[in-house]
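Given next are the chains, with one letter for each unit.
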Amino acid sequence: MADFLRIEHIRKTFPGVVALDDVSFSVASGEIHTLLGENGAGKSTLMNVLTGLYHPDRGEIRIDGEKISLTSPRDSLAYGIGMVHQHFMLVPAHSVFENILLALDNVPNLFNRKKYQTKVQNLIDEFGLELDLDMPVWKLSIGAQQWIELIKLLMRDCRLLILDEPTAVLTPQEADRLFAVLERLKNQGKSIIFISHKMREVMQISDRVTILKKGHSITSLKRDEFDENKLASLMIGDDKIPQWQKNLQMSDEIVLEIQQLSVRNDRGLADLDSFDLELKKGEILGIAGVAGNGQKALAEVLTGLKTASQGRIMAKGQDITSSDAKKSYIAGIAHIPEDRKSIGIAPDMSVDDNLIMKSFKNGAFSRWIFQDKKAIRRNANEKIEQFAIKSGPDGTPIRYLSGGNIQKVIIARELSEKPAVLVALYPTRGLDIGSAEYVHKVIADGADQGMGTILIAEDLDELLKLSDRIAVMFRGQLVGYVDPRNTTREEIGLMMSGEKQGGAV
Amino acid sequence: MLEILLDATVRAGTPILFATLGAIINERAGIINLGIEGLMLIGALAGFAGTHASGSLLVGVLAAFIVTFLAGSIHAVITVQLRGNQIVSGLAMTMFGIGITALFGKGMVGQTIAGFERVAIPLLSDLPVVGKAVFNQNLLIYFSFLLVFIIWFFFYRTRWGLAVRTLGENPAAADTCGVPVNLYKFLAVTVGSGIVGIGGAYLSLASTPMWIENMSAGRGWIAVALVIFAGWSSPKAMLGAYLFGGITAMQLRFQAMGTTVSAHILQMLPYFFTIVVLVVSTMRLQKGASQQPESLGLPYDREDRK
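Chains as they are written, first to last, in the working numbering: chain H, 249 to 753; chain L, 4 to 309.
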């Protein structure tokens, strides 16, 4: 196999951050090459260099052995490099057709609308999708939007296709359909770079895997050189993986009950639509569903960030539906938010201050109207030790910490007052395996002490491993509960696309 | 009576229509241009000077377009290339336009030219009520009708137009599709500015064929507000511009009839209406029926980390 693309010694810095430091990497024709690494390892930065969005400070890019320079996405496209970005490059206000049309090659400025509509429609039919070409994109589900991005890429005649976490918002069945397409393209001799955090997918389709860590390419392994354990151990390096085990079984006591809850979003559509849920004491309740089916709204309404338009939330026999964030906290709900950097922390403040954000009014940290710096420091030291946080020198702004350590700070803060309920929204997203296992351990330990956890996650394997029960969501509604011990991924996948079949658990 | 009022409405509305169309092209590409008022003045003076020097109205209109195109390129360089603050740059453009036209216009005060004349379209101009207002006007007004259609066609039927609209919504999406972002934004600002300049030239070549200092008298600001009223669409801009033209025509009519209401109050009406329109359309915006380009006013930096 000849290398289609080869990059050597790429370095890219942003003000104050070295995002890529001496990265080398290659991809052959007819190969699916997977990039692995935690968030912040530089995967997306590297791909943005390849698509001409970022200009590297140093290093070489070669195509078919020829040294090239990419100054804009236009250049990359001309070399046949196309990408599906993790953050959708779509215009919500434009129609499906308009979004796809702009991405096509060689469309004349005065184009024949009919001809191109037929062309796009044919590809949509080929994938068995149901997409209305004239529908504005904002009205579509996130999964459908992902398909539009994929169609944009597939309609171009690219030689290298880059897919940055394309399956995050697809059901397992949809992901399989995508993989079939990728296999076909591979057999046509195209090169594919694939980014995913889901080990199962990586094992399923990769011909080669390259691991990135903190801006360095650690190693590249061929198909016969890696297995799941090998990859995991390479990603972890010298870090220790915490061991955990969930001991206590959930009780029948209900700590949180959601009845017929509806929440509307800014555009007036229902994010939650008569949603029901019961959480028991000491239970880890996994929520499965394709992203964008109301999970975020569920977490936000439970933590008081959004208000419900209908329905009730009951905690410990008390109606907490219309309370604000603070009152919900008093009622005992802790929250691990989805976007840890923008919602979970105050990035420029120190670890010490971030740790007391929920309890700063508590007399323990103040003297009269002044802060009690000693008490705050003491608290921080305790938490840093207890949760094994690598926090750097005293007073370091929290944003300099790694994703895993930031997540530990958030967890330490949220669990500091022994909450009865924890709402965790994608708590391990983008974390390295060691940190992810730590989060699992904390949740399992909490359950042993009677904390009920609503665990919203993308990776079905994670949910199956951790949950006592799994509730499946689709379009803001509860499809049903399943027992993870005797349910297959396929069954859950079908439920995630709206098919009711789960029995009572 | 109605016929006369309609005719006056179109005549008073046309400079605002040109200015609004120019501003829409700017904002569709994501650039706020608060320099409309200044650009109108520059267009008015350039148009007048061009015609005065050459004796040709066409030369005047072209001069207005070219000079405001160049003036607009200042705003384009600041906001597109340098990613500067669009509000500040636009306000500076207005100040600049008022100042520089006052300076260079000194010699033009009191000069005269032969302005645009009505050109009646046979048969159609004899239609009752609308005949005179629509089919017995000067060439610039006919051009404005055409321009409304051209701009609509450009935005909704050509790939260029789609690319420009995408710039205003999500420039990164356009960029990753291979659209030359900065070039298109630059052209949208400069061409848009040139069209605003023709609106200015209408004042000095058609409304009153002479140069008067600060003759745009706030019409540029009305255009800025009308863009929102029109929901960034050129046919609706026509409606909005004539609405204001109508109010202006009516208040002039009232004054001519010798009403007891103070002339100052009447002259205030179009501006007062601007505020009302802004309040109403902003309330509409907040209800989520927004047509506003999503990236309007935001500089685009490809290397910005999200």
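No lab work stands behind these hints: they were computed from the structure. Treat the hints loosely; a few may be bogus.
Claimed, not checked - What follows is a set of in silico ranges between Cβ atoms, one per label pair, in the way DEER data are often shown:
#1 L:87 with H:645: 24 to 32 angstroms
#2 H:310 with L:304: 24 to 32 angstroms
#3 H:513 with L:271: 37 to 45 angstroms
#4 L:91 with H:335: 58 to 66 angstroms
#5 H:358 with L:258: 33 to 41 angstroms
As the list claims (entries may be wrong) - Below, simulated DSSO-like cross-link-like pairs (lysine-lysine); rule was C-alpha separation at most 30 angstroms, straight line:
#6 H:529 with H:606
#7 H:387 with L:239
#8 H:315 with H:478
#9 H:362 with L:109
Unchecked claim - So these bits of chain H aren't anywhere near chain L, every CB distance computed over 12 angstroms:
#10 299
#11 303
#12 313
#13 322
#14 391
#15 404
#16 447
#17 467
#18 475
#19 491
#20 633
#21 678
#22 692
Where is the CB? At the ideal position from N, CA and C, for every residue including glycine.
Hints and how they fare:
Taken as a hint, the range 24 to 32 angstroms holds for the pair residue 87 of chain L and residue 645 of chain H, whose Cβ atoms sit roughly 29 angstroms apart. For residue 310 of chain H and residue 304 of chain L, the hinted distance range of 24 to 32 angstroms is satisfied, since their beta carbons lie about 28 angstroms from each other. Checked against the hint of 37 to 45 angstroms, the C-beta distance between residue 513 of chain H and residue 271 of chain L comes to roughly 42 angstroms, which is consistent with it. Under the hint 58 to 66 angstroms, the C-beta atoms of residue 91 of chain L and residue 335 of chain H, about 29 angstroms apart, miss the expected range.
Here the CB-CB span from residue 358 of chain H to residue 258 of chain L is close to 49 angstroms, at odds with the stated 33 to 41 angstroms. Using a Cα cut-off of 30 angstroms, the hinted pair residue 529 of chain H and residue 606 of chain H holds, with the two alpha carbons roughly 23 angstroms apart. Under the criterion of a C-alpha separation no larger than 30 angstroms, the hint pairing residue 387 of chain H with residue 239 of chain L is consistent with the structure, at around 25 angstroms. Our distance criterion of 30 angstroms between C-alpha atoms is broken by residue 315 of chain H and residue 478 of chain H, whose separation comes to about 34 angstroms.
For the proposed pair residue 362 of chain H and residue 109 of chain L, the alpha carbon gap of about 57 angstroms is over 30 angstroms, so the pair is violated. A beta-carbon of chain L is positioned within 12 angstroms of the beta-carbon of residue 299 of chain H; the least distance is around 7 angstroms. Distance check on residue 303 of chain H: its Cβ comes as close as 7 angstroms (rounded) to a Cβ of chain L, failing to clear the 12 angstroms threshold; non-interface status is violated. With a closest Cβ-Cβ approach of about 24 angstroms to chain L, residue 313 of chain H is found to remain outside the 12 angstroms limit, as its non-interface label requires.
Not every beta carbon of chain L lies more than 12 angstroms from that of residue 322 of chain H, the smallest distance being close to 4 angstroms; the non-interface claim is violated. Every CB of chain L lies more than 12 angstroms from the CB of residue 391 of chain H, the least distance being 19 angstroms, so the non-interface label holds. Separation of residue 404 of chain H from chain L is inadequate, the least Cβ-Cβ distance of about 9 angstroms not exceeding the 12 angstroms criterion. The claim that residue 447 of chain H lies off the interface holds: its Cβ sits roughly 26 angstroms from the closest Cβ of chain L, which is beyond the 12 angstroms cut-off.
Remark: the non-interface label on residue 467 of chain H is consistent with the geometry, its nearest Cβ contact in chain L lying 26 angstroms away (cut-off 12 angstroms). Annotated as non-interface, residue 475 of chain H keeps its C-beta farther than 12 angstroms from every C-beta of chain L; the closest such distance is 34 angstroms. Against the 12 angstroms criterion, residue 491 of chain H stays outside the reach of chain L, whose nearest CB is about 36 angstroms from its own CB. Even its closest Cβ contact with chain L, about 33 angstroms, leaves residue 633 of chain H beyond 12 angstroms, as expected for a residue assigned away from the interface.
For residue 678 of chain H, the shortest C-beta to C-beta distance to chain L comes to about 14 angstroms, beyond the 12 angstroms cut-off, and the non-interface label holds. For residue 692 of chain H, the condition that its CB be more than 12 angstroms from all CB atoms of chain L holds, with the nearest at approximately 34 angstroms.
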